[in-house]
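Going line by line, the protein sequences match chains S and X. In this text, residue positions in the first sequence follow my numbering: the first is 16, and each later residue adds one. In this text, residue positions in the second sequence follow my numbering: the first is 76, and each later residue adds one.
There's no promise every hint is true.
In silico lysine to any residue, SDA-like type, Cα no more than 20 Å apart, as pairs [what the hints assert, rightly or not]: (1) Lys-409/S <-> Glu-296/X; (2) Lys-223/S <-> Asp-297/X; (3) Lys-145/S <-> Ala-120/S.
Simulated from the structure, these hints should not be mistaken for laboratory data. All values reported here derive from a predicted model rather than from experimental measurement.
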Amino acid sequence: MPYRALNGLLVAAGLVAALVLMVLGADLALAARTGPRWKRRLVAAGLGLLAALGWTPGGCNESAPPAPTNGGAGTATITVSPVPAATPAGGQGLTETPQWTHLTATWKEAEEVASGRRGPYPFDEAGQKKLLADLATVGAEIEALAKASRLNEAETGLLREDLKRLVAGVEAHRPTERVNFTCYEPMMMQPSHDSLARLEARLPLLEKLAAAEKIHPDAVRKVLATIEEDIAFLEVKDHLNEFEPKQRPAAEKVRDAARAALDRVKTRLDGSAQTPPRPATPDNLASNKNWAIVLQYWQTVTPLAESGQSTEKQREDAEKYYTAATAALKRLSDAGELTEGEAGLVLTQARCLREDMLRNPPTDSNVTCYVMAIFPPQQQSLDRLSARLPMLKKMLEAGKLHPAVIEKILPPIEADLKQLGSLPADYPANMREAFDKQAAAVRAEVERAVADLKKAAEAK
Amino acid sequence: MISSEATPSPRRHDSLVFEVTQRCNHACLHCYNAWKNAAPYPDTEELSTADTLAMLGKVLDESGARLISLSGGEPLLRSDIYEIVEFLAARGVGVNLITNGSLLTEASIARLAGGKISLFELPLLSVDRAVHDRLSVSAGAFDRVTMALATLKSARQRVVAVFVATRLNLPQWRETAELAFALGADGVLFNRFNPGGEGARHIEELQASPQDLASALDAAEDFARTYDFPISCSIAMPPCLFDTARYERLTFGFCAAGTERAYYTIDPAGRLRPCNHSPTILGNVRQRNFWDLIGSPAARDFSAARPAFCAGCRIEAACQGCCKAAAEACRGSPRALEPFLAANAARAVKVR
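From just these sequences and the hints, can you work out the full model?
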């Protein structure tokens, strides 16, 4: 910005200086090339403006190239066109040479581009390429003219320098094809009705992704509903008539193909909703090594917990599996592969299995001081259900349900719900009353959560 | 000499970004937010609704902007986001909403629909929910964003899915494009991972090789051609590493710093930066004129910065040395070589 202001002042002062020199009858072209640098700059600036207004020194010969030069100016140059050298005696005038004609025409165009007068996108890609090629030719022409002594050393040097500036200025401007080329600039999208033409292509992909359970079924249903609206739109005769007559058959074809594909996806989706809970294979946990560690613990400990029979060695092994499974669950949770609720629920169940296994003393030991099952089974179920309830809620809130996890955690919950009756009659009445109250509340909440879970799983 | 009087004409800067909040409910590994850089960023308290709208009004009056991209953080975490959108819509300004989609419910979409949002930008990082969730560091993020995308399309909104290409998700790129297309997205932004903020801590883990990215571009070109689907690479793909001319159907971006399409970014407190990736603060639009700030020495210095590596390259001026903001965020200076280019400089072929 300061350069612009400086240039403005320079041009104004230059204009005044040029006018004064004109009144005094001085040779302006000579004045622009001789004398101290400040004077050359000043006069050159004034002549630049006069040239832009159509006046050139030495008369109004329009075929002659304008005289002002950059006059050796620094960064704030005001260059309009190159300086013609004097015509050698008896030879063709410089301004009459084809090189000079090409040079001045190219120069003028490049100057307009570099200065920004032609706007931020002054050409298309082909135009930019051509202008740069022309400037390359101009470089060769300058050298040729210098070699032929049509340009003196100083003029050649000045032209070379200014040519570099012009080339950089042209390269810095972007062609029209790059108008939208900018970091993070949002894409300019085609209108949404274009997606109608894409229906036929979209549906097979949707079908494939839905079949592979890549997308949540609810999202698939939502997409299908949108597509169905598009198809329904096309099924209204009046809407179809909005197409050009020759486009109508194609629209009908798209509509029919989309309808057929839509029905296929819906059938598949509905079919999967009716199928019973799947084995652990359908989701991405099946091939997950951390989940495999959890399953290994489960498979090892479940028979020991259910039978109440285990040896010291089996317990030691189970303890190692338990530690590994706990760490694996943390990794699954940290990686987002299980929700916090899912991981917590599986961990709770893993603890329950461990406690069940440890409830009886090892079969190969005579030691009898282990913690025995002093609580009645009803109390154990209540404790376990109470521990699971917050996890169940979290799991539902997260909305992410892995069939493999549901398959693991639902049966023991249902077993505990079944076992959760009243305390035996020999317990004190007040204890039984308090227990029943607590059990009823927990049962209601757990049953509600389980029902929601099943519903959600079926929906998947 | 630097004053609003000395600004170029016409005095309009079309597009701005407003980071409405720094808060986010995701913790994406690739996040470039300036306040997550190792170098400290000033504490930013969100302005009150009234002050925010006053600040936006002032900057719109000054800049003449016709498009505002609302970003964050997660913009929908801000409770007055609807008032901000309403205000901008009432001013006739186009609004793009850059969101992770987690809070886009049917109810929130209903409040934002009706022509108030020109375009929604949502991340779709993988067709594999585990990979998407891992990159987002948020369990359930995939299911939420796919549902949000489907819901937006059912509400007839314009949506672009953003794929941030990393080592972790590049193998699933083609299938992810299929997913975006199947869900009805209007296009995909294929953005190579561009380190900064949190991303600067995960360069080794996330930065893909030029060869893998070139393969992905091949797949993108094929996909765009097959399905007539717009795919754009808005993070600059260095022309010294990629022959972008090979891809007729893809569009490529260059850094826009200093041009009339520069992506000046305003943080929640009103601080202006050259773009949403750069940590350079030019000043506060609440206190100073927009044009003064973008004409300031700091802005000019940022615009003029080029890595020495690029000297002699024919398109240095247009390319600007790729992403100088990433260089600034990760290597301390916009004149440094940006991380992706630095890692692959030996392979770079200057355009002569």
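How the hints compare with the structure:
no.	hint	in the structure
1	Lys-409/S <-> Glu-296/X	violated (43 Å)
2	Lys-223/S <-> Asp-297/X	holds (19 Å)
3	Lys-145/S <-> Ala-120/S	holds (13 Å)
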